[in-house]
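Protein sequence lines, in the order shown, are assigned to chains P and G.
First residue of the first sequence: 1, per this note's numbering; consecutive thereafter.
First residue of the second sequence: 1, per this note's numbering; consecutive thereafter.
In case anyone wonders, no lab produced these hints; they're calculated from the structure.
One thing to keep in mind: the hints can contain errors.
Okay, derived cross-link-like pairs now, DSS-like style, lysine-lysine, Cα gap no bigger than 30 Å in a straight line [stated by the list, open to error]: (1) P:292 / G:28; (2) G:353 / G:327; (3) G:75 / P:310; (4) P:310 / G:241; (5) P:812 / G:28; (6) G:75 / G:241; (7) G:135 / P:310; (8) G:241 / P:742; (9) P:258 / G:381.
Here is how the chains run, residue by residue.
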Amino acid sequence: MRKIACHLIAVLIMNLFAIAGFSQNTPISGTIVNSVSNESVAAVSITIKGSPDGTFTDDKGNFRITVKNNLPVTLLISSVGYELQEVVVSSAERPLSIQFVPTNSLGQEVVVSASRVPQKIMESPVSIERINAAAIRNAPSANFYDVVATLKGVDVTTSSLTFKTPTTRGFGGSGNVRFNQLVDGMDNQAPGLNFSVGAIIGLNELDIDNIELLSGASSALYGPGGMNGTMLMTSKNPFKYQGLSYIVKTGINHTDGKQRPASPYFNWSLRWGKKVSEKFAFKVTAELIQAKDWIGMDYRNYDRSNGVLKGGTRATDPNYDGVNVYGDETTADLRQVLTGIAYQAPFLAPFISTLMTNPINVSRTGYTEQQILNPNTVNFKLGGSLHYKITPGTEAILAGYWGTGNTVYTGASRYSIKEFKMGQYKLELNNKNWLLRAFTTQENAGETFNLGATTQNFNETWKASGGSTGWFAQYGQTFLGARLNGASEADAHAAARAFADIGRPVVGTKAFNDIYERIRKLPVPQGGALLDRSDLYSVEGNYNFSSLTKSFADIIVGANYKKYVLNSQGTLFADTAGTISITEYGAFIQASKDISSHFKLTASGRYDKNENFKGRFTPRITAVVKLGENNNIRFSYQTAYRFPSTQMQWINLDLVSYKLIGGNEAFRQIYGFDTNFAYDRDSIGIGKMVRQEFPTLKPEAISSFEAGYKGLLIDSKLLVDIYGYYGQYTDFLARRIVVQSKDPAVPLTPANASTGQIYSVPINSTTKVKTYGFGIGIDYRLPLNFSISVNAASDNLTDVPTNFIASFNSPKYKVNATFANSGFGKNKRIGFSVAYRWQDAFYFQGDLANGNLPAVQTVDAQVSLKLPKTKSVLKLGANNLLNQYYYNAIGNSQIGGLYYLSFGYNIY
Amino acid sequence: MIHLINKFKIAGLAVLSVVVIGTSSCNKDLEQFPEQPVTPSSGLTLGETLAASPTDSLYYRLIVKSGMLPVINNKASTYTMFVPDNNGMKIFINAISGGAVPLAAPDEVFSGFITANIPVASAAGIVSYNTISQKITSATVPSSFPNFQLPTQIILPQAPPVNPLIRLTTFPSAGTQLNYVNNIPVTAIDEMAANGVIHHVFTVVAPPTNVLAGLIYADPNLSYFTAAVARGDSGQTGLRKFDSLFKYGVTNMTVLAPNNAAFQSLIYGTAYGFALSQGAPPAVANAQATGAVALGPAIFSSPDFFGLLPASSVRGILAYHILASEKAGGNYLPDIRVFSVNFKMSSPPGFVKTLVNSSFGPHPGIMVNPTFTGPVVSSLKFTGLGTFPPGGTPYSGPAATAVSLDKHAVNGVLHIIDKVLLPQ
């Protein structure tokens, strides 16, 4: 390891100072225009054949390159969507005017993430999808994250208008810790809250160069996490993409007034890239989104003790606990109150005894999400980078992405992410052969608050639940009085609630706002605020030794170091005594070799160590068999693993009805599980007391076999991509519900279990959990630039032990279909796209609620008009065109139609 | 070529149309869960049931008079009613009319009496007292000793603010089935109505109107007992005073009150024995004892006799005349109301605990020996542990016979007995 590091440093120093001398400089300049539309083409790569030197056209299609050799030279002109062109330049006296021929050919894109080296997507050894800037430009989606949802095998969980979480191969949810999201190489998972924030803090649409999505296990290259996939978002380099560009998008949602009156939607994004010189460039990006958010409107009754939905409403079930109703999580068995009354008034005891046969569970009256959540969602992103070419091949980048805003997230409750701030800052040195990157993620939960805890504490502040004059006492006395008057149970409950709720603050009044605003700012458990200020520090690097080892194999090595600093002041983690530090480090090596012209083998392995867990080695072996030009079969054996997330290790969240705790051994002492045993709740339900052991938590691992085919057929008009996979999880991480006696002196029994303290604890499955699935995608290029794409995928999880909450959360089948044209009509100025998605019904499991989700189908569409004279595009689009409301997670916002008109300037 | 282009345009539009039409079928709403269906009550209400029964016409008339008919006809509410049939009503009316309405009179006469002579408040009181909330079927009433105390529809008069939970209670009791309400036999059980159940009783179960203190202090035959209460309460406060308990509306007591003759016997014997123990000859002792008796109830307040009748002894004797039940922790409280019919015949006779047990838990209590003739108690005897003179075999003394049974008060029941029971 030490030798490798020394070698790496030596080579780095050599590169830094190996500035080539310039013998003779001949400037060549010119303009590149689209041969069909005659528009100038920006960001076109111009390189000198046989030389590493190159440049890009600016936003007006102009370029200038200095040739060190004598003329003539050959320029290689390339850009995605255009035919590769070679231009022989014999004279530099006059500027060149080059007609660049657009092409509609498939499968020509280059990907990097599949093997950490550039390669044609057709030859990728693992399943990979790529979205380029042009695809985003022509997509009907108002938010580029929705474009990801059209990829094969991708599920996106929409928590709210701006909070979207993609995943592949299952485990969808707002906070998905099995799917990595990297922005310019930085893991953008909030270190404390454990959700990826790419949708709200990261790149804006104008700055996306490409998105690559690796389905399936990818730890061998990208480290812990990435059990199910990794999405890599790469921003535009200002050396290549220059000039000012912006999009003004204005729309409308809530058009039918179902959730709230029709509301405007604003999305303004801006990017300015400037190449100051051949050595220095910079860019600045900004985006502002403002809208009225979607609302969680699932008012169904949730049995929180058993984790199932059930019938009943506030009017019919005194213990009603609506999914998107908050404050009603506070519940008590009225028999406690009645017993007290019987003690105080013995003459009522016999009558009360007739009411005590079964529990009389009653919940506090809650407030709906619509009532308590500020509807304004605001998201502001600011980004920028400074790029300096130390040598022509070595670039230093200082970049930062910062964002703030309000949105809504679904975890164990719904969270109003309010004035959340997160910044990611990196310093990177990259070269063709090596890379060094250090970055930090600075998280600040701002005024984020938990709707459930806040509203429960709001109720307590207005009128305490307990005590002789508390809400439940008033309820119980009125209930009993009504029963004594002959009232039915339902009428007695109604009368009791009406009495106990007298004076309950009405939403929107000063009385309500005064209390609510105060409580939401108090940290849990007194209020609802999360004081999370957790940070992540990371250093990583890799070196490609291929130039030295080419005769044997292409070899890449890399290493990384991460340090999490959890800081929630006891509001999320068990860190009341101070911050919690977690360090991880790891290293990888990859070797690939073309065994023959038809067979390429790649092997890689990675070792990682977390201070709280034993080290893990994850190998990967891939093979690509070339059947013919642009026809490849791929095989892979991949492994991946993840350390339990920071929350799975250290969360300590009292959700009143139960406690969500981590798996660190410290919790055994904190809650005394070694002496006051906890028991499996489901077993108690069938009358058995099965003690829950707390073995040391282990990282979860998966071994996955995959085979796939990718090929171009029918004169390269049809791209077919098929894969199938089978994987097996070891030490599968899930949660289990256990119950502990609240009084250590009173042992828990089935009879008194209902009075026990409920915990949700992380557990490793001792059995192997299996997963399998397939995907198939076809892209067909029709004449006149029309295209049609259809993909379908299936993901499955089996052998999950009973009592485990796996949260697989993936529809068994999903289908996407897109019909589009990026340019047709006169001068190819008109474009359109229609995207249809259908996903099967499935059973959703989440910390907030579980339940069946019905099948969902949506149509997104857009039509656009290019205005070449002003280098601008008008776009009229719709997400969920037919305004067919849907949920894609229980408890999440219900999503309707969003209709927008955008004006984009200089969006290459 | 143009033809081909057109074909593609058409194809494109067709695909678009299919997609749009295909998706025009709505996304299904979230799964809904049926609620437990609430079956509306069917059939006749309590009032309608009684109205339809010719043998219940007099009580129905009383209900109408009381103004309670809308209440018991409310299908949203549930009640249990104790209803005397016409024969039972006739017994009641015959009694309250002082015989003016003979039992053999036609029904119309009784009905007319109800209309003309029973005030609305009284009618409402009777009906409310005999109406308890919820459906209490015969099977619901436990057979545990002594009975099952249930609140009626009468809220006890209170100083504001009125607590609607404080109510007059009634006492159904059961053997193998519902047998009595207070001391009134039940003649038919479990006649179901849409909004409740009707149990027929032998005659009207009259609501009590006075507290124990009122009954005891107003009875000239209990003047010694009254004086003994004052003596026993000396130095006590609050609910530690018998007087307070007798006056407190929500206690639930059974008092075996020895009549004056019983106390006179006790005083005579005590004074006579005391004199003998002081060396007085029998004649002198007799004279002294006779003199003590001659003082009447005032003997309890005469300082000259405080040595003979110390307050603690009087309090102990009174405590032995108040029945009690055991609570958690071995504590005993005077919270049972035992009507004569609630005592069980057994051989050998059974025992009931008393308030003495609250200070001396192991005390065996009072031996009780009821004799039933038909459904009513024809003889009720109590035997105390102690004997007079002291030192006899436990429970060997002469039994106290109840000379007046089931004097019902708001806060208890009173049985007047002819001997003072001695706890030791």
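Broken hints, by number: When the structure is compared with the hints, numbers 4, 6, 8 and 9 turn out to be violated.
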